[in-house]
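Novice: Take a look at the letters that make up each chain.
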Amino acid sequence: MRKIAAVWVGLVLAILATFLTGTMASASTASPSPTGVASTPAGSPTAGGTSPGASEQPAQGVRVFIREGRQGIAGAKVTVSQGDKEVATGETDERGAVVIGVPAAGEYTVTVDTGSLGGKELESDTITREVRPDEIAPVAFRVGQPAAPGEGAASGGIELSLVSQLVAQGLRFGLIIALAAIGLSLIFGTTGLTNFAHGELVTFGAVVAYLFNVTIGLPLLVAAPLAVIVGGLFGWAQDRGLWGPLRNRSTGLIAMMIVSIGLALLLRYLILFQFGGTTKSFSDYQGQAGKAIGPVLLRPIDMISMGVAIIMLLLVSVALLKTKLGKATRAVADNPALAASTGIDVDRVIRSVWISGAALAALAGVLLGLVQGINYQMGLQILLLVFAAVILGGLGTAFGALAGGIVVGLFIEVSTLWVPTELKNVGALAVLIIILLVRPQGLLGRRERIG
Amino acid sequence: MDWGSIISNALRSVVGLETVIFAMAAVGLNVQFGYAGLLNFGQAAFVAIGAYGLAIMVFFAGLSLWVGLAVGIGGAVVLALLLGVPTLRLRADYLAIATIAAAEIVRIAFRSSTLREWTGGSNGITGFDGQFYALNPLSNGTYGFGPWRFSERLTWVLLVGWVLLILFCVLVWLLMRSPWGRVLKGIREDEDAVRSLGKNVYAYKMQALIIGGVIGAFAGFIYALGRAAVQPDLYGTELTFFAYTVLLVGGAARVFGPVVGAAIFWLVLSLTDNVLAQAINAGYVSSSIMNPNQVGQVRFMLVGVLLMLLMIYRPQGIFGDKREIALNAR
Amino acid sequence: MPADSSFHTGVPGATVQNGSRKAVAVAALADVPREPGAPKPDPILVADDVTRRFGGLTAVDVKHVEIQRGAITALIGPNGAGKTTFFNLLTGFDRPDTGEWRFNDRSLARVPAHKVARYGMVRTFQLTKALSRLTVIENMRLGAGGQRGERLMNALFRPAWAQQERDNTARAEELLARFKLDTKRDDFAGSLSGGQRKLLEMARALMSEPEMVMLDEPMAGVNPALTQSLLGHVKDLREQGMTVLFVEHDMDMVRDISDWVIVMAQGKIVAEGPPDDVMANPAVIDAYLGGHHDAPLTEAEEQRQLAAAEAELEAEHAAAEGDGAR
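Residue numbers (my numbering), protein chains in the order written: chain A, 1 to 451; chain B, 1 to 330; chain C, 1 to 326.
Hint data in this document are derived by calculation from the structure and do not stem from the laboratory.
Note that the coordinates shown come from a computational prediction; the quantities given were computed from them, not determined experimentally.
This list has only true hints and no planted wrong ones.
Simulated restraints, written as ranges between beta carbons of each label pair: (1) B:V85 with C:G37: 37 to 43 Å; (2) A:R439 with B:N281: 53 to 59 Å; (3) A:T421 with B:L82: 20 to 26 Å.
For every residue, glycine included, the Cβ atom is placed at its ideal position computed from N, Cα and C.
Just chain A, same shape as in the assembly:
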């Protein structure tokens, strides 16, 4: 029974961590918002606004960007309307951005007053967007021809610069997927668990980094490593408090899979409960302008995060190939029973896999947060892509997961040449199913031995 009691250690830790985040995060909303001013016409209710003194970040709305090349245009007047009814107006700040709240989810039309642009012409001055509950939908307007390749719609043929931009973005995304996928794959290889709560490890990393960065005020360069450490601790606690005891009780793998789904639901909604449903950003590296490298436009922070990801992936690879623990890990992933009979401490290997896998997932969360903001659903959204990567590479193989992650990332971004952006993940998931049909053992996996 003592072990069963210990099951809850990990959970309590998670709950404490998220509570801490939540209470501090709500305190932090009092700080001045970096975005422009938005006004709501009298009479219409503030979004989500039953609580008095609503924070300046609305529960749902649009974040409008008006850009010329890489420069934002300040002072542009923006109107948000629903049907024929005007809902709210706003004016962009010096970075060309403004957040405008809307009272409820739905479809809104955003119009820019072209007269306020100082004679500049927009490619389009009206954009219609879906706003989901608790979501700030980004809406971007551009002046003239698309100066930044890859962002605008390709008109007439596929440009080389556009392709290379998408490849760069795909690589950025693929490295993030690979970071998360290695942990998932190794945990599967060593314990047999298909961990549906792995996405929440990604979210957890991003949220903890947000806590250190925005709430406590540490620079992201300090907050990110701290988040990775806390993420690793969380992995350790999960293994110690939940998965280890379940393994010792010889719980079936399908039962454990369903437990991981329960854990994922619990963690995701704990994070929503404390962190809120809006997408938030780190306080550093906001609104960085892109730098052109050849035909590719990337923000410096993108280059740093890709560098960090590559270094981490190299370190993991070297560790797996050269260190004793790494070799033991691969041996256990290959054949746990055989490895155990050759004197490898399987429990120690599993523990280290949980710690490092969770830490890598946390890092993936921080990097993903830099790209698309921090949201309680980010882990869920990336989880299936991570599964796709792991299956592509072959379940249980670390290097397969690495390669699979990069392929999936590249595929998703490059596929937007032909597929509408909102459907890009559909393509990746469809490919996942096709791979299962054609080569279920994955690109690097071995044909299975039956019986």
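We have chain A; now place chains B and C onto it with these hints.
Specialist: Chains B and C alone, transformed into the frame defined by chain A:
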């Protein structure tokens, strides 16, 4: 706090629309997971295909209700074939991942603005329920007794839903006492053994996947008609996992497990929702801890904890056979 | 006593030893040359050029082999010799890289496992596959072939299959009585002991009325008290006209019951012959025992090997459990 309304709401939810829908989705899962051991994590997609098949045919194509039902059923069969062909020969977890991915594909496709002309995008579709309610023999008014008094519309859809639900339970009972059901249960225990006895395991799994999926599509019909609307985000992965929780509460591989499970599940959720909401309004719970918007989030956490506890301590469900639990604990 | 005492009795022991079919089998094999791939007078199974590779490792590379009808043939060899893989290939549980084999003059190469079983070649597994959460009698009923009620459309209409079900149940109860499992009829199979599971698995295989029974290590993990009974049942199969091919590590059992022995090493067939010939063959001793032994095993050696085999079994069991749900 108004305990009267809390209790009457809870009692209403025992027979309510959600109970019927989730019980039906779970009956489908019971055939697949409970009896055949197939990990279908994409039941939401089957429910969505039923709901959308109906709504699209009636609203956009202007066809009759019956065509909509046929398309929903056909769609579920096609989806089961599409998923089953590649994955049913593979290990259980591949099916799990493929089905959850397929469910997301279906949901994203239904909510995409690219396909808006046919699916209504993220707003979904309304205004397809006229034919169904025109069949309602009940005149205007409320029907029922005690806490269970419903409008003629709700009574009608609940009536249809419960009749279908009972029919499906009878179907499952008939199937599972037959040699066909025995093969299915054998596959759940060890498919190689069943194969070695000359049974075409692949065909049985496919049949189970299709039957469970079609029952899921019927849950979609009731969902769409009961709400008089379809909306893509109602068919997310959470729907599947709620249905699993319902199944596991009532006990997998038990004919009435899904019904009992759904009733208990929604009773508990209704109680916690209402108690929390009233406690916040009455000031028993400080708004710094929880605001009314967050009550719904507690529900999901509760389901998560419930799922974990059930799987760890009572994998055979609350009323499971003790002998089976002993075998299952291995 | 078992209900079917007209049979040569399920009770193990020497009475069966001199059963008529034993003499027939031994006589038929008397003139067969003692060499790998030797042709048999009346083969039920003939295999040619069967290979199976895993990555760089060639697990099975059998040039030619024939199995005599109505005899008990043992397939022996050191660990990793490819015996179980060869078994899996023959029964359709694995696909060969190359090869062709005929069972009753019907080509079975690349035929799916369930069809192989329907053609009359039924197997058991090294790790017993009792269907735990089905009762013993349900396990037995599942074994019967050609059940009308196993078709989805018929399943709903009980009259379509009720009579057949009654017949199958009666036959199952006879078999259970013969295998002394009748008292366990309504218990979950998962509650049986290891040896009882082996018996159940064998009895279940017989429900399909096979011509050839393939037993993968029928003695592994069986309580010594049950071994004699199991041995008796295997001999009984031959007396009922079935052909038996079995993989076994226990040399005493091989010597005791087999009419013919085939030795595999490193995927190849290295020797064939009657048990006593084969066990005296220096090449076999060399291959099988790694050249460290020259005589039948001493008791201490036997104990050591038993312990090693059990450890291996346990490891495989753990591995298989790990694979089970994947």
